[in-house]
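Asks: If you read the sequence shown in the numbering used here, its first letter stands for residue 1, the second for the next number, and so on.
Rather than coming from a laboratory, the hints here were simulated on the basis of the structure.
Among the hints, a few may not be true.
[What the hints assert, rightly or not] Derived Cβ-Cβ restraints for the label pairs, each shown as a range:
| # | residue 1 | residue 2 | range |
| --- | --- | --- | --- |
| 1 | Ser6 | Glu52 | 31 to 41 Å |
| 2 | Asn37 | Thr60 | 21 to 31 Å |
| 3 | Asp62 | Gly40 | 26 to 36 Å |
| 4 | Asp62 | Tyr10 | 42 to 52 Å |
| 5 | Phe11 | Asp53 | 46 to 56 Å |
| 6 | Ser38 | Leu15 | 20 to 30 Å |
| 7 | Leu63 | Ser6 | 43 to 53 Å |
| 8 | Ser3 | Val35 | 45 to 55 Å |
Just so it is clear, CB atoms sit at the ideal spot from N, CA and C, and this is done for glycine as well.
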Amino acid sequence: MFSGFSFIIYFALLLIIPLYAQARVKSTYSKYSQVQNSQGLTGAEVARRIMEDNGIYDVTIDL
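With the sequences and hints as input, model every part of the structure.
Replies: In structure tokens form, the structure reads like this:
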């Protein structure tokens, strides 16, 4: 089905492409995890406000 050389090329592509994607996601997350929101709220505070605005009071938010 595949010759030895083409198998190596396909295997390398199947290895390199996901590693590249993972590196990009990791670097983007690292970059934007340092950005604060305009009101200085934590994620838990934002979630609580969204739920209260929509009348949801029976859900707990763990930190």
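Asks: Against each hint, give a clear statement of whether it holds in the structure.
Replies: Hints versus structure:
At roughly 59 Å, the beta-carbon separation of Ser6 and Glu52 lies outside the given 31 to 41 Å, and the hint is violated. Between Asn37 and Thr60 the beta carbons are some 22 Å apart, a value that agrees with the proposed interval 21 to 31 Å. Distance hint check: the CB atoms of Asp62 and Gly40 are about 21 Å apart, inconsistent with the given range 26 to 36 Å. Between Asp62 and Tyr10 the C-beta distance comes to about 44 Å, which sits within the given range of 42 to 52 Å.
The hint said 46 to 56 Å for the Cβ distance between Phe11 and Asp53, and at roughly 51 Å that hint holds. Remark: the range hint 20 to 30 Å for Ser38 to Leu15 is contradicted by a beta-carbon distance near 41 Å. Distance hint check for Leu63 and Ser6: the Cβ-Cβ separation is about 52 Å, which falls inside the suggested range of 43 to 53 Å. Between Ser3 and Val35 the beta carbon distance is about 49 Å. The supplied range of 45 to 55 Å therefore holds.
Figure legend: structure checked against the earlier numbered hints; hints not met, in rising order: 1, 3, 6.
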